[in-house]
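So the sequence lines, in the order shown, correspond to chains W and G.
FYI, in my numbering the residues of the first sequence are 3 to 246.
FYI, in my numbering the residues of the second sequence are 28 to 277.
Since the hints were derived computationally from the structure, they do not count as laboratory data.
Any given hint could be a false lead.
No farther apart than 20 Å at their CA atoms in a straight line, the calculated lysine-lysine pairs in the PhoX-like style are these [as the list claims (entries may be wrong)]:
id, chain 1, residue 1, chain 2, residue 2
1, W, LYS17, G, LYS161
2, W, LYS141, W, LYS51
3, W, LYS131, W, LYS51
4, G, LYS66, W, LYS191
5, G, LYS106, G, LYS66
6, W, LYS9, W, LYS19
Computed footprint of chain G on chain W; a stretch qualifies when at least three of its residues, placed anywhere within it, have a C-beta under 8 Å from a C-beta of chain G [claimed, not checked]:
id, region
7, 16 to 27
8, 32 to 41
9, 91 to 99
10, 127 to 140
11, 168 to 178
12, 213 to 222
A short list of chain G residues far from chain W (calculated; beta carbon distances all over 10 Å) [to be verified]:
id, residue
13, SER98
14, ARG99
15, ILE146
16, ASP159
17, VAL228
18, SER230
19, PHE246
Even for Gly, the Cβ is constructed at its ideal location relative to N, Cα and C.
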Amino acid sequence: MNLSLLKTIKSERIKLKRSPVWLAFFVLPIISAFFGTFNYVANQGVLKKEWYSLWTQHSLFLCYLFMPALIGTYCSYLWRLEHMRNNWNSFLTAPVSRFSLYCGKLSQAVVMVLIGNAWIFLLYCLCGKITGLPGLPPKESISWFACGILGGIVICCVQLAISMVIRSFAIPIGIGLAGGIGGLVMTNKGWGLYYPYSLYCMGMRANNPNLALDTKVFVISSIIYIVTFSVVSVIGLRKHETAF
Amino acid sequence: MKTLKLEFYKIKRRKVWLTMFAMLLVQLLWGLWAFNNPKEWELESGWLSLLYSLSMLDGIMVPTMMSVLASRLADIEHKGNTYKQLETLRSAGSLYHAKAVCGCIIIAAMFAVQFAFFITLGYHLGYAGNPDVKYYLLSYVLKIASNISLFLLQLALSMLFANQMVPLVAGLGGSMAALLLMFVTNYSFLPWGGNLSAALVMSDWDETTRISTYYYRTFTSAETAAVIAIFIWITAFYVGGRIIFTHREA
C-alpha cells in the first residue's frame, strides 16, 4: 500500500482519538432494536415470518431515515477539524497527495459503517434469540450485511463531498436526513437503485427481506456513485489551494 | 430588543432561513408525491388526512431540524469564542433569551409557511369543503409549542457543548425515539413525542377495504396530560437552560 496513504489513515485515526463520535453508532441501533423488538413481540399475530419479520422491524426506519443522517454526522465530524481556524492550510500543505488525504477521511467513515453494520446485525441476532426465535438468522443476512456496507460507502462518499464544501457542521446532517426521506420516495417509485441514499436500505433489504435485488445493477450503481463523488471530492481538494 | 436584533444580524447570510425552507421544500415534494391523484374517499377526508400526515411527517423530520436550527444559532459563538466578550456588554441571561426568542420567531414563521404550503396544495388537489379553521389554528399553535420545547432543549445543549456533534446526535436519537413511539402509543411524555401528543387527527386503517378513516381525536386525561407536558417542558428547558448557561464560565 502507498506509504502516504498509510500516513493519512494514521493521522485521521489520531484526529479521532478519544472522540465520542462512535457513541452515536452504538446508541441509535439500540433504540431501533429496542422498539423494533417490542413492536415485533406485540404484533406476532401479523408478523409471522420470524427472523424476516424481526429484521424489518429492526432495520426499516434506521436504514431509511437515520443511518444517512448518522453517516452525515460522522462525515461532518471528519471535516470539522479542517474547517476550524486555518487548519485547511496545514491539511493541504501536508506532504502527501490530495487523493491520499481524501482516502484517509474515507477510510475512517468506511470503518465506522462496517462497525455500525456489525453492531446492527449483532443486536438483531441477540434480540432474535431473546424473543425465542428458532435457529439462526437466515443465510441471506450475509448478503444484507455485505450489500448494506456497499450502500453505506456510497452515502459516505456523498456526505464527505457535501461536508467538505459546507463549513457548517449541522447542515450536511439535515441534507442526510432529507436524502434518506427522498430515498423512501425513490424506492417506492422503483428508482431506488439509481439514487445514492436508497442504495443502503435496498442493500440491507430494510423494507422487504425477500426483495430480489438485482445485485449486478446494485454493485455497478454503487461503484459509479463511489467513483463519481470521490473524484468530485479529490478535484475539490485540488482546486482549493488554501482555505475554503 | 437590541440583543434580539443583533441575533438576526448574526444569522444574516448564514442561510439559516434557507435551511429551514429547504426542509419545507422536502415536505412539499413529499406531499406532492404522497397526495397525488387522490381517490374519491381521499378527497372527502382530505383536510383531515392533511393534518394527520403533517403530524407524522413533522414527528420524523422536525426534531432533527430543531437541532440543526439550535446548532446554527449557537455555533457562531463557539467558533468566534465570543461568550466572554459578549458577557461584558450584556448579561448572559439576555443573550440566552435573545437566542431563544430568535429561534421561536423562525419556528413560528416556518410553520406558518408550512401550513400555507399544504393548504394551497389541498385546494389545488380539490379537497371537499374548506379546512376547519378552529382545528387548523389549534394544530398550528400546538405544533409551534411542541417544537419550541424541542428547540429549547437543543439550544441548551448547543450552547453548553462546543462540539456540536453532541446536540445533533441527541436530536437524531430523539427523532428516532419519536418515530418508533408512533407504533406503540398515541402520546408520549418525552419531549420528542410532542408532535405525536399534539396531533389532533387520528386514523383507522381498514385492511379489507384498504381505506383509512380519519377523525378528530378525543383526548383522554392521559393524552391531555401529555399535551400539558409540552408546556411544562418549554418552561423547564428555558429556565434550566438559562440557569445553566448563566452559571457556566464563559
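_20 Å limit on alpha-carbon distance, applied to hinted pair LYS141/W and LYS51/W_ = With a Cα-Cα distance of about 15 Å, the restraint between LYS141/W and LYS51/W holds, given a limit of 20 Å.
*Checking the smallest CB distance to chain W, is ASP159/G really beyond 10 Å?*
About 28 Å separates ASP159/G from the closest Cβ of chain W, which puts it past 10 Å; holds.
*Tell me if chain G covers the region 16 to 27 of chain W under the three-residue, 8 Å CB rule, please?*
holds (count 4)
*asked:* Need the status of pair LYS17/W, LYS161/G: alpha-carbon distance at most 20 Å?
replied: Given pair LYS17/W, LYS161/G is violated - Cα atoms ~55 Å apart, limit 20 Å.
_With the threshold set at 20 Å, check whether the alpha-carbon distance from LYS106/G to LYS66/G stays at or below it._
Since the Cα atoms of LYS106/G and LYS66/G sit roughly 52 Å apart, the hinted pair is violated (cutoff 20 Å).
*Does the claim that ARG99/G lies off the interface hold, with its Cβ farther than 10 Å from every Cβ of chain W?*
With a cut-off of 10 Å, ARG99/G comes too close to chain W, as the shortest Cβ separation is near 6 Å.
*asked:* Can you confirm whether chain G covers the region 213 to 222 of chain W, using C-beta to C-beta distances below 8 Å and requiring at least three such residues?
replied: violated (count 0)
*Check the non-interface label on SER98/G: least C-beta distance to chain W beyond 10 Å or not.*
With a cut-off of 10 Å, SER98/G comes too close to chain W, as the shortest Cβ separation is near 4 Å.
*Would you assess whether VAL228/G, listed as outside the interface, keeps its beta-carbon beyond 10 Å of every beta-carbon in chain W?*
21 Å, holds
*Pair hint outcome, LYS131/W versus LYS51/W [Cα-Cα no greater than 20 Å]*: 15 Å, holds
*Okay, the region 91 to 99 of chain W and chain G, do three or more residues pass the C-beta test at under 8 Å?*
Our answer is that it is violated, as 0 residues pass the Cβ test (under 8 Å) against chain G, missing three.
*Coverage of the region 168 to 178 of chain W by chain G, judged on three or more residues with CB within 8 Å*: holds (count 6)
Hints 1, 5, 9, 10, 12, 13, 14, counting from the list given before, are not met by this structure.
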